[in-house]
Amino acid sequence: MDKRIASLADAVSDIPDGAAVMIGGFGGSGAPIELIHALIDRYLATGSPARLTVINNNAGNGHVGIAAMIEQGMVAKMVCSFPRSADPRVFTEKYLAGEIALELVPQGTLAERIRAGGAGIPAFYTPTSFGTDLAEGKPVAEFEGRSYVQERWLKADVALIKAETGDHLGNLTYRMAARNFAPIMAMAAAHTVAQVSHIVEPGGIDPEAVVTPGIFVDAVVSVPNPAQEEDLNRANAIHPQVSA
Amino acid sequence: MDKRIASLADAVSDIPDGAAVMIGGFGGSGAPIELIHALIDRYLATGSPARLTVINNNAGNGHVGIAAMIEQGMVAKMVCSFPRSADPRVFTEKYLAGEIALELVPQGTLAERIRAGGAGIPAFYTPTSFGTDLAEGKPVAEFEGRSYVQERWLKADVALIKAETGDHLGNLTYRMAARNFAPIMAMAAAHTVAQVSHIVEPGGIDPEAVVTPGIFVDAVVSVPNPAQEEDLNRANAIHPQVSA
Amino acid sequence: MTKLTNAQIAWRAAQDIHDGAYVNLGIGFPEMVARFQPKGRQAIFHTENGILGFGEAPAPGQEDWDLINAGKKAVTLKPGTAFFHHADSFAMVRGGHLDVAILGAYQVAQNGDLANWSTGPKGVPAVGGAMDLVHGAKRVAVITDHVTKDGKPKLVDRCTLPLTGLGCVTRIYTSLAVVDIKDGRFLLREKLPALSFDELQSLTGAPLHRDGDVADLIVPEV
Amino acid sequence: MTKLTNAQIAWRAAQDIHDGAYVNLGIGFPEMVARFQPKGRQAIFHTENGILGFGEAPAPGQEDWDLINAGKKAVTLKPGTAFFHHADSFAMVRGGHLDVAILGAYQVAQNGDLANWSTGPKGVPAVGGAMDLVHGAKRVAVITDHVTKDGKPKLVDRCTLPLTGLGCVTRIYTSLAVVDIKDGRFLLREKLPALSFDELQSLTGAPLHRDGDVADLIVPEV
Numbered sequence: 001m002d003k004r005i006a007s008l009a010d011a012v013s014d015i016p017d018g019a020a021v022m023i024g025g026f027g028g029s030g031a032p033i034e035l036i037h038a039l040i041d042r043y044l045a046t047g048s049p050a051r052l053t054v055i056n057n058n059a060g061n062g063h064v065g066i067a068a069m070i071e072q073g074m075v076a077k078m079v080c081s082f083p084r085s086a087d088p089r090v091f092t093e094k095y096l097a098g099e100i101a102l103e104l105v106p107q108g109t110l111a112e113r114i115r116a117g118g119a120g121i122p123a124f125y126t127p128t129s130f131g132t133d134l135a136e137g138k139p140v141a142e143f144e145g146r147s148y149v150q151e152r153w154l155k156a157d158v159a160l161i162k163a164e165t166g167d168h169l170g171n172l173t174y175r176m177a178a179r180n181f182a183p184i185m186a187m188a189a190a191h192t193v194a195q196v197s198h199i200v201e202p203g204g205i206d207p208e209a210v211v212t213p214g215i216f217v218d219a220v221v222s223v224p225n226p227a228q229e230e231d232l233n234r235a236n237a238i239h240p241q242v243s244a
Numbered sequence: 001m002d003k004r005i006a007s008l009a010d011a012v013s014d015i016p017d018g019a020a021v022m023i024g025g026f027g028g029s030g031a032p033i034e035l036i037h038a039l040i041d042r043y044l045a046t047g048s049p050a051r052l053t054v055i056n057n058n059a060g061n062g063h064v065g066i067a068a069m070i071e072q073g074m075v076a077k078m079v080c081s082f083p084r085s086a087d088p089r090v091f092t093e094k095y096l097a098g099e100i101a102l103e104l105v106p107q108g109t110l111a112e113r114i115r116a117g118g119a120g121i122p123a124f125y126t127p128t129s130f131g132t133d134l135a136e137g138k139p140v141a142e143f144e145g146r147s148y149v150q151e152r153w154l155k156a157d158v159a160l161i162k163a164e165t166g167d168h169l170g171n172l173t174y175r176m177a178a179r180n181f182a183p184i185m186a187m188a189a190a191h192t193v194a195q196v197s198h199i200v201e202p203g204g205i206d207p208e209a210v211v212t213p214g215i216f217v218d219a220v221v222s223v224p225n226p227a228q229e230e231d232l233n234r235a236n237a238i239h240p241q242v243s244a
Numbered sequence: 001m002t003k004l005t006n007a008q009i010a011w012r013a014a015q016d017i018h019d020g021a022y023v024n025l026g027i028g029f030p031e032m033v034a035r036f037q038p039k040g041r042q043a044i045f046h047t048e049n050g051i052l053g054f055g056e057a058p059a060p061g062q063e064d065w066d067l068i069n070a071g072k073k074a075v076t077l078k079p080g081t082a083f084f085h086h087a088d089s090f091a092m093v094r095g096g097h098l099d100v101a102i103l104g105a106y107q108v109a110q111n112g113d114l115a116n117w118s119t120g121p122k123g124v125p126a127v128g129g130a131m132d133l134v135h136g137a138k139r140v141a142v143i144t145d146h147v148t149k150d151g152k153p154k155l156v157d158r159c160t161l162p163l164t165g166l167g168c169v170t171r172i173y174t175s176l177a178v179v180d181i182k183d184g185r186f187l188l189r190e191k192l193p194a195l196s197f198d199e200l201q202s203l204t205g206a207p208l209h210r211d212g213d214v215a216d217l218i219v220p221e222v
Numbered sequence: 001m002t003k004l005t006n007a008q009i010a011w012r013a014a015q016d017i018h019d020g021a022y023v024n025l026g027i028g029f030p031e032m033v034a035r036f037q038p039k040g041r042q043a044i045f046h047t048e049n050g051i052l053g054f055g056e057a058p059a060p061g062q063e064d065w066d067l068i069n070a071g072k073k074a075v076t077l078k079p080g081t082a083f084f085h086h087a088d089s090f091a092m093v094r095g096g097h098l099d100v101a102i103l104g105a106y107q108v109a110q111n112g113d114l115a116n117w118s119t120g121p122k123g124v125p126a127v128g129g130a131m132d133l134v135h136g137a138k139r140v141a142v143i144t145d146h147v148t149k150d151g152k153p154k155l156v157d158r159c160t161l162p163l164t165g166l167g168c169v170t171r172i173y174t175s176l177a178v179v180d181i182k183d184g185r186f187l188l189r190e191k192l193p194a195l196s197f198d199e200l201q202s203l204t205g206a207p208l209h210r211d212g213d214v215a216d217l218i219v220p221e222v
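Residue numbers (our numbering), protein chains in the order written: chain F, 1 to 244; chain Z, 1 to 244; chain C, 1 to 222; chain S, 1 to 222.
Everything hinted at is true.
Cut-off 25 Å, straight-line C-alpha distance, at most; resulting in silico cross-link-like pairs (BS3-like, lysine-lysine):
| hint | chain 1 | residue 1 | chain 2 | residue 2 |
| --- | --- | --- | --- | --- |
| 1 | C | K122 | Z | K94 |
| 2 | Z | K94 | Z | K77 |
| 3 | F | K77 | S | K72 |
| 4 | S | K78 | S | K39 |
| 5 | S | K182 | S | K152 |
| 6 | C | K39 | C | K78 |
| 7 | S | K39 | S | K138 |
| 8 | C | K122 | C | K149 |
| 9 | S | K122 | S | K152 |
| 10 | Z | K77 | C | K122 |
| 11 | C | K122 | Z | K138 |
| 12 | Z | K77 | Z | K138 |
| 13 | F | K138 | S | K122 |
| 14 | C | K39 | F | K3 |
| 15 | S | K39 | Z | K3 |
| 16 | Z | K3 | S | K78 |
| 17 | F | K138 | Z | K138 |
| 18 | C | K138 | F | K3 |
| 19 | Z | K94 | C | K72 |
| 20 | S | K138 | Z | K3 |
| 21 | F | K77 | F | K94 |
| 22 | F | K94 | S | K122 |
| 23 | F | K94 | S | K72 |
| 24 | S | K3 | S | K149 |
| 25 | C | K78 | F | K3 |
| 26 | C | K72 | Z | K77 |
| 27 | F | K77 | S | K122 |
| 28 | S | K182 | S | K138 |
| 29 | S | K122 | S | K149 |
| 30 | C | K138 | C | K39 |
None of these hints come from the bench; they were simulated from the model.
Bound conformation, chain F alone (with noise of 0.2 Å):
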């Protein structure tokens, strides 16, 4: 079994119209720049994937990433806790507008919803939003004299995540805060696609290592010298460029 895709357009080339995409990263850390370019590239040539949901923490910052996304017009609605940035134009120009959904979601409880969905839970309580607008129309019950609320799992087809190393069987490690969402991504979708900066041999990796075992991860692709989106938004990247 080798989990090896060619290339990044190979990668995000089954994405449908309306999948619900989650896509790793807490700002621009950990956020699989290339992946989410190489889709917006198949958009702008295609039409597809169109109508997409996309599951991050965050709604774009900038012009690259997540932002671009949402700027070219592929995003229906948006799951995160913190749409807010150093430059959150896009979301906030297209939400106020109407032009798409938002569903807010306390961190930690974006993270457990995604963690439940790969872990085979459909429901769980948590403390988190209690008696809060953000817990409206939700199941709520006690237990041992406190107060929870009901929180169901969240799913979906692709996640797009990011990783340091990665080998032939998608065993995967990150590099440092970049881990963030990924490893509950990849559990939680049903196809899940790494970029990876190194790609080694099974074996490569230190069983002891692995953060996230294969079994997680359907396909790998090699970015060797990933853009930081951090950089990229310093130095007013925009994508796709436009060509002089």
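Dock chains Z, C and S against chain F, hints included.
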């Protein structure tokens, strides 16, 4: 801050009568034999701690470790998935004589309940055990056309676990499949004691390779060459050894 | 009566495991399936206690007792092995990430119900990971002798022993036949050529249905 | 009116953090608390995005953008740092493993209710990890100016803005005072010496109670 404890005896000196004690290990793999035997020695010397509830996947094997705890009469109740082993006599006899209680929990539900206890999730739904005798009396609910059983978190007063390397801050790594329940038990107990084969200074464990972050660990005690339960049982070991 | 040995049943079950499949084998007899992977195919084995992609048993005396499977038998490392904790291990199980789970059985009913953890209120009950495995693996198969030691059917109308899971089994590999479960009925797919349909039916506790031809169950040299 | 600067409020809050405490500081102003740890004490800082035990900000130009805190600001490694994923990070939060969370506030009510995530239906709502942090940390404290920019009380009878959590705050460090919340009442612990009780009460939206002496709020040189 330094979580190192000088001796095994000190590490188990505070566990009170009637405590719920999670003990790491799956069969002999990961069993913190030295911590368990220190606890037995304390019980034999002082009569405490008595009437313990022990949470482990199994219910002991032979006459060492958890089996020895049961044999000495310290254990009022076992919470486990599989109270069988190569030599389960100690538990079997007490159980059939009505001298020890048993809460039988499917293994994945046991793991998830422990993880929920550590993660602040008081209840969750699982497909496991739906329609079986082990779901009797538990609330059920349907999500997306499938039936699920509501399970509650499982916490403990103390966790005794075995790790491979630990630093002064309680960061831990494990050795192969000895990891099993230890990381989640460390999360779910009010007080977690880890016996470790190697103690290192903070920084001695790669931050990427930490499996249990120190926030989940209260005490670290050095056991440089820990016994393997399987080896003890193959040598027909008994704890405490009867003096000639 | 000629019937398949356990090894031969395990061999038959192994033929249906595709290359790269993620597989959990129940403790005991099902573990034998790993020995019979067809050439050119490599399944990735999962064990409840936190290993994915382990290798076969080590030579006697070479055991490392921190490297065991759910049956507490020593296994070995392979390139690409990964370790993880128990909650992650059962996230793999319950979360639908395994392609196949192959389990033993006391009884399997025509509606897919499985009883394989308890023979009743006597003795010490033990369940392990069976109740989790039946909910999660994309395909749950059973390998078993066709009848009990005293000749009673194990493929039954309705399980009389405590259930492990409801409507979970979709294929049964027995010492006499391969039987699918579909729409609440046993569908005979293969049987030993020397055995007539009526003979097999007489050893089965619920009606065997046919849906097209019944193939010959191969008796492999293993 | 003399009042503490943000740095001085942060300094005061830092005095209550014990050596070895596990601490989460909300993004923005609360992050400043880390600068004022008393000598000989070392808290271990947690950030939602999966780091425990990180160090202070790097020198400009030395940032590694994979090593950031929840406010997306660059931090540094320290001996003993650990990385983990988001679900584990919030297991730490919700599971009661943090000793202290220090957050900003729009309003805090005398019953401990906190409003700090939304100023109403206008604009884009954003909540981040605040609703999780208020349920889990053993002690939830707020640091804030005593009044809003236009002089209205932030310590109120009942929050009028959307709530972050119910009955969660137990101590408030303001620019004028230190106030505990106990049994549904504001308990004044410290106030600026130059400020009379009545003056402070007039700037506070619910009754200030006393339980023993009110200490002088120190104005540190920071």
